[in-house]
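Trainee: Spelled out from the first residue to the last, the chains are:
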Amino acid sequence: MAAAFAARGLVKRFGPVTALDGVDLDVEEGELVGLLGPNGAGKSTLVKIGCGLVRASAGEAHVCGAPAGTRDARTVMGYLAELFRFPGWATANELLVLHQRLAGSGGGAAERAELLDLVGLTEARSRRIETMSKGMQQRLGIAQALVGTPRFLFLDEPTSALDPGGRRTVRRLLEELRRRGVAVLLNSHLLSEIELVCDRVAILSRGKIVAQGRPSDLARPRGVEVDVDGATRLYEGVGRDQVPDIVAELVAAGEQVYGVRVLETTLEEIYLEAVGEEAG
Amino acid sequence: MSGIPIVVDYSLRESFRRRVFLVVLVLTAVFLGLYALGAKEAFDAAERQYGQGLVPVDEHELVGATMFGLSMFGTLFLGAVLAAFLTLGTVRGDAERGLLQPLVVRPIGRSTLLLGRFVAAAAVCGAYVCLVYAGALLITWQVGDWTPDRIVGPALQLAGATAVIAALSLLGSVFLSATANGIAVFMVFGAGLVAGLLGQIGEALDSETLMNVAQTASWALPFEALYQDGLDAITADSSGFTEAALTLGPFGGAQAAGAFLWPWTLGYLALVGTAALGAFARKDL
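Line by line, the protein sequences are chains S and G.
Residues 1 to 280 (the working numbering) make up the first sequence, in order.
Residues 1001 to 1285 (the working numbering) make up the second sequence, in order.
You may find that some hints are simply not true.
[Unchecked claim] Stretch-level coverage of chain G by chain S, calculated; a stretch enters the list once three of its residues show a Cβ under 8 Å from a Cβ in chain S:
{"#": "1", "stretch": "1010-1019"}
{"#": "2", "stretch": "1092-1105"}
{"#": "3", "stretch": "1278-1285"}
The hints are simulated quantities; they were obtained by calculation from the structure and are not laboratory data.
Keep in mind the model is a prediction, meaning the values are calculated, not measured.
Glycine included, C-beta positions come from ideal geometry on N, C-alpha and C.
This is chain S alone, in the form it adopts within the complex (with noise of 0.2 Å):
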């Protein structure tokens, strides 16, 4: 079976200004990848190649087997923008029905209620979208991607909007889209909601992919912390298979082990020394 995307050598020129510079990237069906990268790495240009709002300079790109941008492409696919904006004059019930019919989605007042529900609009349904707070409309815009039941979705920045317990309702979305076999590419540039949720993250630096990999892969054992008697010990460079000997050690020399953490390096650290100086 074909990946749900597969960038293969994505290049895209901006004038003298390369945005990406042969990007190569699997998304698995039912995957959750995370996209990591500083402001202007490429990540929304990227998102926009697989969706066929932007045509790269060479290279190509696949949704669900088809060439990203066609027609075939876009049946199975769902996107919510960075910078989106609906039309303030339809309520969030009138927005559904509009991409239901453009998606040509049969799933009807049902499907309407289901994703109102999963996003936690189901009392705004008659709402006009002008009069919602930029959280709601965004909770809608996830919502508005997931009309059609897509096999796979790019969601770029879906939580920039979204309070803590917005974000946690997308978190659990993206848990039920796991569950029910929908691949997503997450651009995001929170690395904590990204550990959390993601099966794999591709880091992205000047155009680039630097890093790419299960979150727990791409950590390195940083140490070994043991409580003893009054004072924490530090074991630099050692791993969870020297922690059986650091223990006995210890115990032979007459000390009292409390606890023991192995240290590995975070998800943040591994993005900074990924990016280098162009982070921050």
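Please arrange chain G on chain S, whose structure you already have, making use of the hints.
Mentor: The following block gives chain G in isolation, referenced to the frame of chain S:
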């Protein structure tokens, strides 16, 4: 292309539910009210001065045609304003505001979206100018007992003219921001108007060069040729000094364009549409 009715439906809802529609209704009512007042005064003045002129001109015909010509100009202007407002931000303007992207990533695609937008704008503007035209016709008939020699043709030509303006505005919207496109559309509209006035001056001075320039410009901007042809049709049966006086009227020379006008207009729309679709298909959003 099966998605066109969906986009048309969406665009029509948008047209009727945005505040601009209310503004257009109010302005139209003001325009027709002023027109009724002006037409009554003009017909009354013509009645008082009947037979006092030095040349044998049918004052009633002259006043009726001039006032109705004025109403056609006003109708075209309002139709052009509406066409521009409905279309000036369709591509770049809506893309900059983030309204366009959620729509074009749907299976219907870009060409369907643009064609649907055009059909909706042409339908709204066409219906609007026909209604305002009918209102002015009723007012002229009521206050001056005057009706144009041709009734349906000029209305259709005004509708066609607004469709051309909508198409040009959609083409402009692919390249220009909403504000810049609005300015460009009204400059193009003004250029058409100037072409009509040049033609009049050329006719008064018997300058073939000016008349050729005016004719070329009005065919390059066929909304002007349609307007001039419609203006000519309202006094198609006039003759003698009255016809000469009407030809020199103040709102762009009335010029019969001939049978080639509509095929040319349709071909022109196809050319503008092809250019807009081609540019939109290649545009990064």
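Trainee: Of all the hints numbered above, which does this structure not satisfy? Sort the numbers upward.
Mentor: none
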